[in-house]
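Colleague: For the record, the sequence lines run as chains A, B, C and D. FYI, in my numbering the residues of the first sequence are 472 to 766. FYI, in my numbering the residues of the second sequence are 472 to 766. FYI, in my numbering the residues of the third sequence are 472 to 766. FYI, in my numbering the residues of the fourth sequence are 472 to 766.
Everything labelled a hint here was simulated from the structure, so no lab data went into it.
For identical chains, the list gives no copy identity; a pair is met inside one copy or between any two copies.
Simulated pairs of lysine-lysine, DSS-like, Cα-Cα distance not exceeding 30 Å: (1) K718 with K628; (2) K762 with K718; (3) K731 with K705; (4) K762 with K717.
These numbers come from a predicted model, not from an experiment.
There are 4 protein chains.
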Amino acid sequence: MNNHYAFIGLGNMGLPMAKNLLKNGCHLSVFDLVDTAMDELVAHGAVKAESAVAAVDGADVVISMLPAGTHVQQLYLGEQGLQNKLSVNTLVIDCSTIDSHTAKTVGQALAKNNIKFIDAPVSGGVGGAAAGTLTFIVGGDKAHFDMAKPILEHMGKNIFHAGDLGAGQVAKICNNMLLSVLMTATAEAIQMGVDNGLDPKVLSDIMLQSSGRNWTLELYNPCPNVMENVPASKNYQGGFMVDLMKKDLGLAMETASNSKSITPMGALANSLYKMHSAQGHGQLDFSSIFKLFQH
Amino acid sequence: MNNHYAFIGLGNMGLPMAKNLLKNGCHLSVFDLVDTAMDELVAHGAVKAESAVAAVDGADVVISMLPAGTHVQQLYLGEQGLQNKLSVNTLVIDCSTIDSHTAKTVGQALAKNNIKFIDAPVSGGVGGAAAGTLTFIVGGDKAHFDMAKPILEHMGKNIFHAGDLGAGQVAKICNNMLLSVLMTATAEAIQMGVDNGLDPKVLSDIMLQSSGRNWTLELYNPCPNVMENVPASKNYQGGFMVDLMKKDLGLAMETASNSKSITPMGALANSLYKMHSAQGHGQLDFSSIFKLFQH
Amino acid sequence: MNNHYAFIGLGNMGLPMAKNLLKNGCHLSVFDLVDTAMDELVAHGAVKAESAVAAVDGADVVISMLPAGTHVQQLYLGEQGLQNKLSVNTLVIDCSTIDSHTAKTVGQALAKNNIKFIDAPVSGGVGGAAAGTLTFIVGGDKAHFDMAKPILEHMGKNIFHAGDLGAGQVAKICNNMLLSVLMTATAEAIQMGVDNGLDPKVLSDIMLQSSGRNWTLELYNPCPNVMENVPASKNYQGGFMVDLMKKDLGLAMETASNSKSITPMGALANSLYKMHSAQGHGQLDFSSIFKLFQH
Amino acid sequence: MNNHYAFIGLGNMGLPMAKNLLKNGCHLSVFDLVDTAMDELVAHGAVKAESAVAAVDGADVVISMLPAGTHVQQLYLGEQGLQNKLSVNTLVIDCSTIDSHTAKTVGQALAKNNIKFIDAPVSGGVGGAAAGTLTFIVGGDKAHFDMAKPILEHMGKNIFHAGDLGAGQVAKICNNMLLSVLMTATAEAIQMGVDNGLDPKVLSDIMLQSSGRNWTLELYNPCPNVMENVPASKNYQGGFMVDLMKKDLGLAMETASNSKSITPMGALANSLYKMHSAQGHGQLDFSSIFKLFQH
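Excised from the complex, chain A in its bound form (with noise of 0.2 Å):
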């Protein structure tokens, strides 16, 4: 495997990533707008690059972690974009969570210039970003799959290979939809115990061992005191925010939509979500959904 690496984005989870790649011995070039991001890394050990392009001269492996799917677009297909600076045979690691269909544009633009591109967005937050324990779901060649695999587990735990260019975006969108279920129903159903005069502690070790059994009643309780350290019980503060829940949400609709796909469970979550946002409870941890069935 290589040596040179770039890493471009470095904002909540990017940094954090960075910093494992350092941590691991690995040769790092960083681009970031904000200085202080890449101040952070120069002092880890990064080289400090003045753009972008400037960033991947030289480099074999680029990895990018960008808010948004017109972000990637404008970076490696822009006007100015890496499409046509890199060498032939780098390749790209694109960690943003965007639609997949931009995923697929951009990386079989790059493959003409025998570029080859995964798309590889990660679950975990930025706490599983600082740890180095994040999920990587990847799309593209098997064989550019193993290439990055070893350089994923620096940053992560699971790396899984989800099919071909854009189904790292598609599995993890589904995934993302199917969590925002699960909360919202493992709440409403903890809520409807409690209106009926159960204890929620009782009710959900209940249901954790039937066949309600699910993610968020094993590690992320949405009702506040049945779990320690869990967001629920420090006032939904830290964990994954509604707003970014949303987002996944409307990634998942637009998926839906292309795909023609038939997501009633999906589309309420949406609805939801947005109603909590709208009410104000944007930056709280997504599991306060919860505060929607009170009463």
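Position chains B, C and D against the provided structure of chain A, taking the given hints into account.
Modeller: Quick look at chains B, C and D alone, frame taken from chain A:
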């Protein structure tokens, strides 16, 4: 604990449950409107009674397993009801899945005659009843629960105490409402992946190891041929029928209505299962809701 | 037609309805648990009774207007019920909005004593009751309907015969379930227009003249300042309270449950109105559901 | 006003619209990829053009009626686009139903070349197009709207100015989203009545005169044999196809997504129409959603 039990209601569930009691050495008087079920149990050592009243004569413990709340109300509080036939201190274990209101009404009426009553609905289906691996979710006094537990362990594996009278019914219906949403949302997420070119098995594996994890992905995948030996891979035969889930969702909606609970997800699942049944799929396993999303 | 009426239940609706009967020259005995309402009617010529039983003494027609099904059942079929007090051939007009099951039960029980019963729920609210412009939606024998019609015309403008016993309740609840959806969907469509830069008045005018036309756009626009003199332009004061719509949607869900009807739209409106009420808006006019879509 | 018009896009809608212009004495150059439609118009006095570019040569007004946003974008802004072929001050009237974003993009691009553009989607279907009774909902400068109005009056009856560029598309899609909910909710309310023994005609009449009144009850009852001459009474043949409503709901969801609008009712209608189409009913009239509630 006592030795003389009465078992009333020997349908698909009651019959194998009674068998397991006999296997474990219990003395059993049995009654059902259908003779054949009683005859089968006589072969296993049961005493066949002419009526419910005859069956409970001399019994210390009465177990009932009936289709709906009206039957339970009728059995205990009707004109010929057991209310006035049971000895003081008899323990009544009603395993029927009914509304918690009726469970409370019956329990409170029996309490006036110093008869102990717990509501103990089960999950696990016909298979679990035969194997003696049912889950019992019990409402009632802790002391009565403790008396019932060793008896229930002859028929089941997990025995939960959910709370006071009626709490067993509430907890079960919360769980099953949640389950109906898990199944529906998992089905729509998998189909959205398939619509975008993903392999349903690969996507299911990824979600199972991610935050979309839930009981249906673990044990009961709704997409044909992802798992072996689940109804989805056997033309949705066997398992838990759509019309039984529809019944449980009806109870959930009634419960929500009485407690003013807000259950948008459960209500949507209720509509979708009713639609699915109306389209002729009432006898299929409930994972067949997957069909609603195929196109 | 007869001359001696009894009127039982003199709340916000019953009081102005009884006044209109008095204005139209009817002889009225009245009863309510609250004295002041009776006193007010005495000033208009009514006879104040000590009890419901006393009120119906000698009456040919009994009109009742009570909050819920349990009250109606209690009044007619309870221990001190009118069932055994009313003369043969008395015409009972119950104007309460209750479940059709109770309406049928009461009507059938009275029929055994040769007492005529119709269910005649109203729409039009307190304003319509005062103005004598209520709509009555009646279930029961056509002959009984014909007898009641001239009496109801003292209190209302539109008198419909919906069908047999209970049909008045069913038709009213179908209408109000539909209304809740019209209001909610109109609100969300207008807000979507506003979100895209449209003037809500212009958009409302266009939809009113197009296939989106409905009663709310005609008479009751939910967006502030599109229409004068509607609750939306008066901080959602007055009109038909959210909590009353919530009550009607509860009846609709109960009706749907009993008849196995599939009502996804009504169920969603039910969830949204419950949510809206839980957020502290139960006393506002029901067009305030518009707030749920603002952001 | 000018005399020389070009009409591009002569499908089910465009063809009868162009005929009406010819009937009203307009001089028309026409173009479509399908020859037969042009030939039919030549018989009515049109000039057949070899290409879109040829059709607009010398035209003062260009009218287009195309299936989707990509076609409109391609026609005006594509490589061979009319953008650089149209004379300064040409008035472009695009009658296609497309997303408002594309309408704005095209209008703004043409404005740079001093070409006037309005988006003018229609409602009223093939019948309205033939009869010249379409409704036009127009976005763009008021001055351009005023210029277009007499031309549109050759083809339609109601001509609305919804607001700035793109507002025609927004207003139309708000209206049609609302319509889809009216139809679905009316269908479910009528079926709930029927499930409870009511006559659908009687119930429809009552709701039509009550607060459930809406366009579908007035003109387009979804229950068979309640109204004559509507699709519901002709096996759901004719009218406005399910798949066209599905297309419009897709645009509505896209619009909502872009404007962060909260549309739970529209989203549910979208899911139900997709389901209905997936079950093989895409070619039926959209009032056939009634079938989803029958059981």
